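Enquirer: Protein chains in written order, with numbering that gives the first Met the number 0: chain A, 0 to 214; chain B, 0 to 214.
Please keep in mind that the hints were generated in silico from the structure rather than gathered at the bench.
Note that the structure is a prediction, hence the values are computed from the model and not measured.
Please note that the accuracy of each hint is not assured.
In this list, chains with the same sequence are indistinguishable; a pair is considered to hold if it fits within one copy or across any two.
What the hints assert, rightly or not - Think about it this way: if two alpha-carbon atoms lie no more than 25 Å apart in a straight line, the pair counts; the simulated BS3-like pairs of lysine-lysine are:
{"id": "1", "residue 1": "Lys126", "residue 2": "Lys206"}
{"id": "2", "residue 1": "Lys177", "residue 2": "Lys71"}
{"id": "3", "residue 1": "Lys177", "residue 2": "Lys58"}
{"id": "4", "residue 1": "Lys104", "residue 2": "Lys58"}
{"id": "5", "residue 1": "Lys168", "residue 2": "Lys58"}
{"id": "6", "residue 1": "Lys126", "residue 2": "Lys162"}
{"id": "7", "residue 1": "Lys58", "residue 2": "Lys78"}
{"id": "8", "residue 1": "Lys57", "residue 2": "Lys104"}
{"id": "9", "residue 1": "Lys126", "residue 2": "Lys71"}
{"id": "10", "residue 1": "Lys57", "residue 2": "Lys126"}
{"id": "11", "residue 1": "Lys58", "residue 2": "Lys126"}
{"id": "12", "residue 1": "Lys78", "residue 2": "Lys52"}
{"id": "13", "residue 1": "Lys168", "residue 2": "Lys104"}
{"id": "14", "residue 1": "Lys109", "residue 2": "Lys126"}
{"id": "15", "residue 1": "Lys177", "residue 2": "Lys202"}
{"id": "16", "residue 1": "Lys206", "residue 2": "Lys71"}
There are 2 protein chains.
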Amino acid sequence: MAIGYPNGKSYSHSAENNKKNQVKKTAHSFSKRGMSLEDDINASNETYLSRNKAVIHKKPTPVQIVQVDYPKRSAAVIKEAYFRQASTTDYNGVYQGFYLDFEAKETQNKRSFPLKNFHEHQILHMKQCLAQQAICFVIMRFTSVNRLFLLEARVLIDYWDLKNNEGRKSIPLEELEKNGYELYYGLSPRIPFLDVVDVLIEKSFSKESNNHDKR
Amino acid sequence: MAIGYPNGKSYSHSAENNKKNQVKKTAHSFSKRGMSLEDDINASNETYLSRNKAVIHKKPTPVQIVQVDYPKRSAAVIKEAYFRQASTTDYNGVYQGFYLDFEAKETQNKRSFPLKNFHEHQILHMKQCLAQQAICFVIMRFTSVNRLFLLEARVLIDYWDLKNNEGRKSIPLEELEKNGYELYYGLSPRIPFLDVVDVLIEKSFSKESNNHDKR
Numbered sequence: 000m001a002i003g004y005p006n007g008k009s010y011s012h013s014a015e016n017n018k019k020n021q022v023k024k025t026a027h028s029f030s031k032r033g034m035s036l037e038d039d040i041n042a043s044n045e046t047y048l049s050r051n052k053a054v055i056h057k058k059p060t061p062v063q064i065v066q067v068d069y070p071k072r073s074a075a076v077i078k079e080a081y082f083r084q085a086s087t088t089d090y091n092g093v094y095q096g097f098y099l100d101f102e103a104k105e106t107q108n109k110r111s112f113p114l115k116n117f118h119e120h121q122i123l124h125m126k127q128c129l130a131q132q133a134i135c136f137v138i139m140r141f142t143s144v145n146r147l148f149l150l151e152a153r154v155l156i157d158y159w160d161l162k163n164n165e166g167r168k169s170i171p172l173e174e175l176e177k178n179g180y181e182l183y184y185g186l187s188p189r190i191p192f193l194d195v196v197d198v199l200i201e202k203s204f205s206k207e208s209n210n211h212d213k214r
Numbered sequence: 000m001a002i003g004y005p006n007g008k009s010y011s012h013s014a015e016n017n018k019k020n021q022v023k024k025t026a027h028s029f030s031k032r033g034m035s036l037e038d039d040i041n042a043s044n045e046t047y048l049s050r051n052k053a054v055i056h057k058k059p060t061p062v063q064i065v066q067v068d069y070p071k072r073s074a075a076v077i078k079e080a081y082f083r084q085a086s087t088t089d090y091n092g093v094y095q096g097f098y099l100d101f102e103a104k105e106t107q108n109k110r111s112f113p114l115k116n117f118h119e120h121q122i123l124h125m126k127q128c129l130a131q132q133a134i135c136f137v138i139m140r141f142t143s144v145n146r147l148f149l150l151e152a153r154v155l156i157d158y159w160d161l162k163n164n165e166g167r168k169s170i171p172l173e174e175l176e177k178n179g180y181e182l183y184y185g186l187s188p189r190i191p192f193l194d195v196v197d198v199l200i201e202k203s204f205s206k207e208s209n210n211h212d213k214r
């Protein structure tokens, strides 16, 4: 797997050490303008796997296979198949014993993220996972301004329910800045989303101990 | 989803209540002779999902799509695609916050389970998952005698390493009876493997608290 290089900028070693202290990074530093969000996430998952940090994979696109040919001395060829609708989100895996489950979405919009990018079956799957105490979220990219956010599933679901009940059609960027976690591109992994997962895990533990103290 | 009925035997309500007390069940009671292990596991997963007990899905077969046709007023048709090798096991999901990961295998053998039914990439994936504290196992079916076993991944991996080091080719049935957990077909779910997962979770907690006491 080729390691990508920043867009023309030279990579400064101190930049990576300072990364954690930087509140805001220039979004252009490490982003791959031509690469899709999916490519960046897949590459990040490969980085995490190679470092034995997490085991996260994209689920293959489900297809309904109708006809397969078996030529002699050649690999089997699928000659007719149809796309099936997935019943889950695209990504899941394990990180320090926790089940992670997430979806990746992009928009060309500059100021708000359309809720129609999500589908009922994905929302339903997230609800089912949350009921089983999964760590569940979405990674959302504003492609035209190259900004990335991680939004917890329970927050997305609240917006989704507003869509159905109050006609809300999108999530404004300002609300993502407030209710989500901005992600900054890195070199390796390209999208260090586990850094935010660490925060979510911390949050859930302190919530548990708060409840404990109240008893 | 049609609910299957036992092979010709009338279903006695008391049978289900007594099920937990029975050490040994007649393997033929609820088995679906014609159904594959995969079908039975998929049906069990659907049962668990419908009862909000766990969210477990089979991963779709990965295919490399080369050519797609887009006929007017019809669904897209995949005209050329190839099977890709999966890099993971077939099943994963979440149960009470735990990440579950497993593979399903069948053999016609009566007395031992061939290790060649497993593949290096599956074993590697299991090792990676165990390193992240996943609950990882295989469900193995002896089709000709209709018996099912759940074997923890770490035990399978030990046998696999023996295969490479000492030429071991299969796991004898007696050792599965000893080192694995026999599963008995039910009505709904057909294969109640979460009952064994509960035992594995208990085991891991008592191991933790034992380690704790020793400090």
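Enquirer: Look at each hint and say if it fits the structure.
Expert: Comparing the hints with the structure gives:
Taking the shortest alpha-carbon separations for Lys126 and Lys206, only the intra-copy value of 20 Å comes in at or below 25 Å, while the best inter-copy value is 32 Å. When the C-alpha separation of Lys177 and Lys71 is checked against a cutoff of 25 Å, the pair qualifies neither within a copy, at 60 Å, nor between copies, at 44 Å. In the homo-oligomer, the alpha carbons of Lys177 and Lys58 never lie at most 25 Å apart, since the shortest distance is 30 Å inside one protomer and 35 Å across protomers. Taking identical chains as interchangeable, the C-alpha atoms of Lys104 and Lys58 lie at most 25 Å apart whether they share a chain (15 Å) or sit on different chains (21 Å).
Taking the shortest alpha-carbon separations for Lys168 and Lys58, neither the intra-copy value of 28 Å nor the inter-copy value of 32 Å comes in at or below 25 Å. In this assembly of identical chains, Lys126 and Lys162 lie within 25 Å of each other by CA distance solely inside one copy; the values are 16 Å within and 43 Å between copies. Both within a single protomer and between protomers do Lys58 and Lys78 lie at most 25 Å apart by alpha-carbon distance, with minima of 22 Å and 21 Å respectively. In this assembly of identical chains, the alpha carbons of Lys57 and Lys104 lie at most 25 Å apart whether taken from the same copy (13 Å) or from different copies (23 Å).
Taking the shortest alpha-carbon separations for Lys126 and Lys71, neither the intra-copy value of 47 Å nor the inter-copy value of 36 Å comes in at or below 25 Å. Taking CA atoms no more than 25 Å apart as the test, Lys57 paired with Lys126 passes in both settings, with 19 Å inside one copy and 19 Å between copies. For the homomeric pair Lys58 and Lys126, the shortest alpha-carbon distances inside one copy (18 Å) and between copies (19 Å) are both at most 25 Å. In the homo-oligomer, the alpha carbons of Lys78 and Lys52 never lie at most 25 Å apart, since the shortest distance is 39 Å inside one protomer and 38 Å across protomers.
With identical chains, the CA atoms of Lys168 and Lys104 are at most 25 Å apart within one copy only, with a shortest distance of 15 Å there and 46 Å across copies. Taking identical chains as interchangeable, the C-alpha atoms of Lys109 and Lys126 are never at most 25 Å apart, the minima being 28 Å within one chain and 43 Å between chains. Taking the shortest Cα distances, Lys177 and Lys202 sit within 25 Å of each other inside one copy (16 Å), while across copies they are farther apart (42 Å). When the C-alpha separation of Lys206 and Lys71 is checked against a cutoff of 25 Å, the pair qualifies neither within a copy, at 61 Å, nor between copies, at 54 Å.
In this structure, the hints that do not hold are numbers 2, 3, 5, 9, 12, 14 and 16, in rising order.
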